[in-house]
Amino acid sequence: MIALSQGRTKELLAIHGWSGVLLGLLLYAVILTGVIAVFAHEIGEWSAPLPYAEHELPQQGLDAAMRARANEVDPAYVDDISFFSDTAGRIRTFFHTHGTKPGESTPTDRGVEFDLDPRTLAVLDRREGWADELHEQNLPAALADFFVELHVSLHLPNPWGLLVTGILGLAMMVASVTGFLVHRHLIRELFTLRKKKDPLLVKRDAHVIAGTWNLPFAFILAFTGSYFSFAGAFAIPAVAMVAFGGDQEKLIETVVGVSVPENKTPAPFANLDAMLADAKARTGAVAGFVSISHYGRADAVVSLSMMPLEGELASDNLIYNGATGAFVQQKPFLGQTPSLGNDLFLLMTPLHFGHFAGIWSKAVWFALGFAGAYVTLTGMLLWTTRRQHQPGWAKLARAAHWMGYGLPLALAAVPLARFAAPLLDVDVRAAQYTTFIGAALLATAIALKVRDLDALRRVLLAGTGIALLLAAPLRWLTGGPGWITVFDAGLATVIALDVALLLAGALCIAAARRAKPATLPMNERLPEEASAA
Amino acid sequence: MQMRSVINYTLRMSTDALPNPSRRRAWSRGLLAGPVCFLTAFAVMAGASLWYPQGAAQINNIAVPIIVFPAIWAALFFYLMLDRKLGRAWIVAGVLLLAHAALIGQHLMAVQAAKHAAAPVTEGAAP
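Going line by line, the protein sequences match chains E and S. Oh and the first sequence: position 357 is 357 in the working numbering, straight run, nothing missing. Oh and the second sequence: position 61 is 61 in the working numbering, straight run, nothing missing.
So that you can see chain S by itself, here it is in the shape it has in the complex:
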């Protein structure tokens, strides 16, 4: 009972603190700045290994996204938390997430296709 009161109070306080006092908007904002933000930051980090420049050492595209992941998350979190237009924030997160998911998916499919293309040659060469 006490815990429920804490949760209710938490929700009420959170709702009061947001620009729009509707509880639905508060849940939407929480979902966006919580799990959606984390997933999007994760997708950006993983996808960046495909578009971030490799540099002369050819490792920047791997090392830099992993190292700056907390910064990617933080920048995204504050934007998604503070943008007064909730719909726009959803669109930005959605575009980032889907674009990187598509990039990763397309790359993985290309890798699989290359493996399949190489497989018959190997089988044919086997005694």
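So here's chain E without its partners, still in its complex pose:
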């Protein structure tokens, strides 16, 4: 039990409730889309499967593939080259230089992007333009990108989207800390579910159990999430302004880069495959990201970001001389020697994304994230339902139902647009966005029309269930591989996601058919409120 005075408990309870109610609707959207984004790679593979499952950069053949592509692009674009295995399993290769897009002030990348087959390294797709244009043209990653971007920035322009999600992360942190402090019998509440009591008390118990078990995880997600949002939105530019007079490139060079004296003398590039093999021999790991700067020059540098070894959260970077192929150094990701800053930085990514132990850690992150979405939704529903007979609160209770059950409907409709758009010859990304907005508007119209809140819940759940049930058949009917084909190809992810969506759809339909007992607004206070009063 945490000893707090009645006044303190009352204050913390007010902060807990208001941080949730004021930002809860958007916070729920960010958490729910984050739960989906955990499986971005699996969604990419499910929506645009290759004939085989590959998630790593090949150890042989990358050198020849790079030289072939380097010979066919504008020479200016070989200034910077990168390779990585993207969410759809393709080897994304970007030949680019840096510049400022007409009408904009922030520097960005411009170049040619290739999607390479991870086994044959044949070109699957070629895109050219500014970085944002390339992104818009990328079809295989479109579905995964939609969910990731909704989670990261709510599809708002930068830096506003990041700022909003960062503030939501702070609100979640406040709710989790106050939730920890306000519950006076923490251990007992981990196991208390009074099934035969008032329905509202049962809901409150379920909220507290899920929230209490989820508290440490909610705090971690909120902290790392707001760090990611704020770092990109303003923290890095602000520190660059203070410490480097506004020069972000100098900051990045100091923190990440390797200082090599400029030498524009043309020089043949060493063998990349040999460097990859050397890096694997030194670390036992494979490279996850390859970056080459100044290809074809005497000052060429190759940076290999190695994948973490099993049981480890992070790994080092290996630096090679691009002209000679000689190993230069093994360095932390930030700085040249081990440091607290580097350790903290490397900890943020696995803690937020949950990908440090493959599918199992992702499954745990999914489950805990789902519990977080449940806690946010039930918290809003409890807070507003108990007050729905007071002036103004009925609308907020309706809004909580609309967001709580309407957002899953809008999200479930997006894969349908992804698969139908190519058949209708419309832009996939635009179709996904339009369908999401259209489904959200439909949910809004239903929320305005259906007066009874439980009926509203059931209608929206039924719609979500239907959309989820349609996704797998539509994938197959629009040219996606069937289960026998993907089973033979070892693409277990495709079958697993098909089954998961069908199951989720059936569960939604079953939940929609079940009417909930009417819950009377409680006149008496909940235990923590009573003890605070």
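It cannot be assumed that every hint is accurate.
Claimed, not checked - Covered stretches of chain S, as calculated for chain E (at least 3 residues, CB under 8 Å): (1) 60-66; (2) 75-81; (3) 85-97; (4) 102-110.
To be verified - Examples of chain S residues lying across from chain E (beta carbon under 10 Å, computed): (5) F69; (6) P70; (7) A71; (8) K115; (9) A117.
It is worth saying that the hints were derived from the structure and are not from the lab. Idealized CB from N, CA, C, for every residue including glycine.
We have chain E already, so just place chain S on it with the hints.
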């Protein structure tokens, strides 16, 4: 009309929950724990890049403040929200904000002065 009721109810509830029931104090507390807290945390993060030790790798002063920004904000938020003496909370936030703003301003002015000092030499050396 309904929304106004929600806002009024929100204000009343918030006011009831605070130590002093005056609405003015509630607004002051909201301003302090809201925008002022965010600005102060931002200034502390940016200013920390000047006073936090660089460490052997010379990057701790840059990386650590950026990473711990949410913790800086949270610590400040809970203090500013819960300190029973509102005036003291304002003073603490004000001192932190002004001290870091002054530190940053003084550093930026020194950088500008160094640039100006270097400029005539460059111009003089030009053909």
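Okay, the hints, checked on the actual structure:
Coverage of the region 60-66 of chain S by chain E holds in this model, with 7 residues showing a Cβ closer than 8 Å to a Cβ of that chain against a need of three. Under the rule that three or more residues need a Cβ within less than 8 Å of chain E, the assignment of the region 75-81 of chain S holds, with 3 such residues. Beta-carbon proximity to chain E at under 8 Å applies to 0 residues in the region 85-97 of chain S; the threshold of 3 is not reached and the given coverage is violated. Only when three residues or more bring their CB closer than 8 Å to a CB of chain E does the claim for the region 102-110 of chain S stand; here the count is 3, and the claim holds.
About 6 Å separates the beta-carbon of F69 (chain S) from the nearest beta-carbon of chain E, less than 10 Å, and the hint is met. Proximity of P70 (chain S) to chain E holds as hinted, the smallest CB-CB distance being about 4 Å (cut-off 10 Å). The closest approach between the C-beta of A71 (chain S) and any C-beta of chain E is roughly 7 Å, which is under the 10 Å cut-off, so the hint is satisfied. Contact between K115 (chain S) and chain E, as hinted, is supported at the beta carbon level, the nearest pair being about 8 Å apart and thus within 10 Å.
A hinted interface residue such as A117 (chain S) counts as satisfied when its beta carbon comes closer than 10 Å to some beta carbon of chain E; here the least separation is about 14 Å, so the hint is violated.
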